[in-house]
Amino acid sequence: MKLTWLRLPLKVIAWVVYMLLAAGIVYGVIGLIRLNGPVFFLQAVLDGLKLGFVYALIALGYTMVYGIVRLINFAHCDVFMVGSFASYYAITRFGWGFIPAILLAMLICVLLNITIERIAYKPLRDAPRITSLITAIGVSFFLEYFTALKFVFGADFITYKRPFEVVVWDIGGVLLTNITVIIAGVTLLLLILLLYVINQTKVGTAMRATSMDKSAARLMGINIDGVITLTFAIGAALAGAGGVLYAIAFPQIWTFMGIMPGLKAFVAAVLGGIGNITGAVVGSLLMGEIEVLTVSFLPIGSRLRDLVAFLVLIIVFLVKPTGILGEPQVEKV
Amino acid sequence: MQVLRRIPSWLTTAIVAVLVFFLVYIANATRLITPYVYIVTELAGIAAISALGLNLIYGFNGQFSLGHIGFYAIGAYSSALITKDFVSRWSGGQFTAFSWLLAGIICMVLVLQSFKWLHLGSMRKRLVNNLSYLKPYEQMILVAIVMIAIAAVILATGAAAAWLLQKGLNIVLSVTIPALPAVVSKNLMLLLGLLTGASLAALVAYLVGLPLLRLSSDYFGIATLGFAIVVYTLLQNSDLVIATMKGARGMVEIPRWTNWTWVFLLLLVSVIVMRNLIHSSHGRAILSVREDNVAAKAMGIDTTQSKVLAFTIGGFYAGIAGGLYAHLQGFLHPSTFDFVRGFDPLIIIVFGGLGSMTGTLVASALFSIIIEGLRVILPQGFEDWRFVIYPILLLIIMLLRQRGLLGSVEWGWLNAPYVPVRDIPLASGVDGANSGEEV
Amino acid sequence: MKSKLFAALAILMVLSLVLTGCQPTTTSPGTGGTDGPTFKVAIVVPLSGDVKTFGESTRDGAMMAIEEARAAGMRIDVVMADSKCDAAEAANAANKVITQDGAKYIIGEVCSSASIPISQIAEQNKVLQISPTSTNPVVTINEDGSVKQYVFRACFLDPFQGEVMAALAIELGAKSAAILFDVGNDYVKGLAEYAKASFEAAGGTVPVYEAYTKNDTDFSAVLGKVADANVDVLFLPDYYNKVNLIAQQVKEKGITAIMVGGDGWDSPELDLNLMEGGYFSNHYSPDDPRDVVQNFVKAYQEKYGAIPDALATLAYDAAKILIQALDEAGEDNPTLVAEKMAAIKFSGVSGDISFDAQHNPVKKAAVIKVTGGKTEFFKFVAPN
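Protein chains in written order, with this note's numbering: chain Z, 41 to 373; chain G, 113 to 551; chain H, 44 to 427.
Just so you know, the hints here were simulated from the structure itself, not pulled from any lab data.
Accuracy of the hints is not assured; some may be wrong.
Pairs of lysine-lysine residues, derived as DSSO-like cross-links and limited to a Cα-Cα distance of at most 30 Å, are as follows [stated by the list, open to error]: (1) H/407 with H/388; (2) Z/201 with H/422; (3) Z/190 with H/83; (4) H/341 with H/294; (5) G/409 with Z/51; (6) H/191 with H/169; (7) Z/190 with H/417; (8) H/169 with H/83; (9) Z/190 with H/346; (10) H/412 with Z/201; (11) H/191 with G/298; (12) H/239 with H/169; (13) H/257 with Z/201; (14) Z/254 with Z/360; (15) G/298 with H/422; (16) H/417 with H/83; (17) H/407 with H/191; (18) G/409 with G/228; (19) G/237 with Z/360; (20) G/279 with G/298; (21) H/388 with H/422; (22) Z/162 with Z/242; (23) Z/201 with H/294; (24) Z/190 with H/257; (25) H/169 with H/147; (26) Z/360 with G/409; (27) H/388 with H/169; (28) H/294 with H/218; (29) H/422 with H/341; (30) G/228 with Z/360; (31) Z/201 with Z/190; (32) H/341 with H/417.
Quick caveat: nothing in here was measured; it's all calculated off a predicted structure.
Can you make the complete structure from the sequences, with help from the hints?
Structure representation (structure tokens):
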């Protein structure tokens, strides 16, 4: 049935609909900006960036470990929590400054994660993947509840003491705190370091090779155990730094503080394409922005902040299952 | 040839089942065990039903689902709304919630069936083929308009049908049920509530499974995790829609009608249905999807249908378990359904052995015993150590027995049905070496 | 062979379950006294979790009253349970102390959201419950409006507290207010609703009325809205640790509104430097010159080494009310004790208490001001 006479009206309808959609999006964004003023909008964007950068540090750990051993490391968020507590004790008991505290946190997290890897994950490397997953869940529970015991960290909500005074700069109505600047700075610095290590050094090449094909890498003479341990170590260092920065931004720590940020960072990593480092950062920034913009602009947004974030995940999954920057999965027949 | 006398496996299993039932029943009736232990036993049974559902989805079908707790929550809240209506008329009438839910489910199923009958999928393809002379973006628009129009018409018809059906059901129920004696109507409402809640959970599982089941293993897990969290957040804000659900503050005053008889009966039925399903051809199709998806497709098995079937039935089981849980506590709080608690059924089935029903039953009993038993055993002041000891035990088991306690071993009647091997006499003159073998 | 093994395993499991149930239960702080029936009292409070100080103060205040009763000859067995200010934990704890430990009287809980499930379990099991500090009305009444026979409280109600907070804000000259509340907590949400209603009835406006959930730590977006609305007063009707967290981020947003809160602020861990210039309504003040208050403050300080907060005071009063009712009833019968309690006339540290038809006492509130790094009594407000 050749309905050739339908062509022109269809073309017109199609173009009209697409123009309306585009206009709607543009108008919507402008409307958002005009709703409470450009200052409010910029402020919300800045807050989203702050949150997004912290998520990025955690998400990188998840994505790197998954890329190498295909394990969703549920205990990662608790390593993040240990980083916060380590820096808290450094600042309050020993009076250390910001940089020593963050370095100590990173060191302790690295040691912790290496220990966990040796004890719990290495023996199960040849076991079915679900076993490692359950082990990861077990390690996560153990860390949360063991540190909640009275003689360790305790189950209280502790107010975190910031190692520096908060300075607020007013730039044409938009308030910028030194906290946001420091978070952005530290995250970008660590990111650049990480990208340099991954792309320009020999160990980085070894890591990339192992994530592509473990057995081939082994044949090339790469020490797989060493590479895996190094990956866990780097992920933990980033999580430790993330823990300190998160605690500075939202100064209250308790032993279960890692669950929600960890989940959101993991979802962000998947959103950006799990196994992909740039994807983790992009996904995290997107996640942070969605959260903050939802609260700022949706009518009951503050109650729905988690809902919108996860709905976005599901929608992205339906359209592009491997994430925004993920590689399409090749089904080997 | 001697025929060995075998005790039918269903007999031994039935004896054990009856024994277990009466042991707990009598122990409770004579106060040999405290009510606290009785509640723990019921919770173990409920966990077993939920874990059986997840075992079907993950253990037998190989789909890594982290969203099981979402269906558990849906079953819990909807059955609670139905029975609470019956007892305290929160919606204004005794059967409003029930009739709305039942009408809604029936009409939704009819709508989905009509989508299938109209072959909407192939209709879309034929439309696209006919319009091949148009540019792609123009095609998309026309196809989208036509599909949305058809879907809207069907949905509108479905909604109208649901509205009418609800009115009818309400009238029928308000006449028949109050006429029954109180004990009968109470238990009947509980059963109807549980089944409706579970049906709603199964329906949601179907709708959620359709788009998500084509994702590969890890992504499916994450997507279902997202689903569970969406359900959790919706429940936290439910007071905006239905006031009596009270959102994040917790729903109260649910009639506490669950007892050991109900839990045991429903568990028994669940086990029987599951066993028969697994050892049927549908079950073998489900198992083949786990083993090798591509080979299964090559053998002509509709893998999508198997996956959806397993996911829906698993959701139904979770709904039943949730409903029983709601009527045990009398009180529901969204924090019981957050994703951390969602790991419990997963831990149970891996602990017991993936793909083993016996393993799931054993593991859910052990799980409850360990967690609640530790609460009783540990001296006062050390109760916090419960959740330190339990993950250590879990770690040790995972390190020592990687396949779980029972691997994929079944016991008694849960095993594959015994098929006696026939001794087919071979014609004389055929190669002598084969004459003694069984075919 | 295998089938026998598994059968044995199954039976062994059920047996072990039965056996663990037969274990004798342990109780803590022992008995005392010489004659009369032994009353088994459970103290269900948050000893861990986000409002730990509330639970500790409640336990200390109640134990002080119980030890005084023991010294006077009463026999009281005490069982402690930790409910973590969480509804599910509180339900478990209540089930355990009633069915496993056999307690017939409960002093608890602190948080309304935990007291509500306990009240239902207590009501069903005919166990008397008196909550020292749960201020939400729903604790003592059912959804259909009928009164729970076995549930009482020793404090004022949130509708009154909301009025006090709103009236205070009006008195301080506020025309607009922002209210931030936890959507998952009956107490916080209820108090926010009542404060909003009262404030608007008195002519104020509430341009920002935002909810958050218990686990939220990032308040930058919500506070951005508050800053944008330029309000005079910021109502924070939550518990002290959440208020601490929000207050830290308030300064970063350049918000200069006066912060006003409810009795959830009353804790030694409230960061008084952050809350400088803020006010909160409370059940009592240690600066109250009445003899009974000063004697109590001194005795508490001698015993525990700290000034009692409102939680300890109310727990002391609640325990004393229970003891007086037990004394009047004379036998270990919760139904009789409940009748005696409903008709009781009690004079305590936090005021004169007698219960109205909904088992609630009529009491006045003390407004406390935070100034110079300390808390200071501001004024009393009586219900009209």
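For this structure, which hints from the list above don't hold up? Structure breaks hints 2, 4, 5, 12, 15 and 16.
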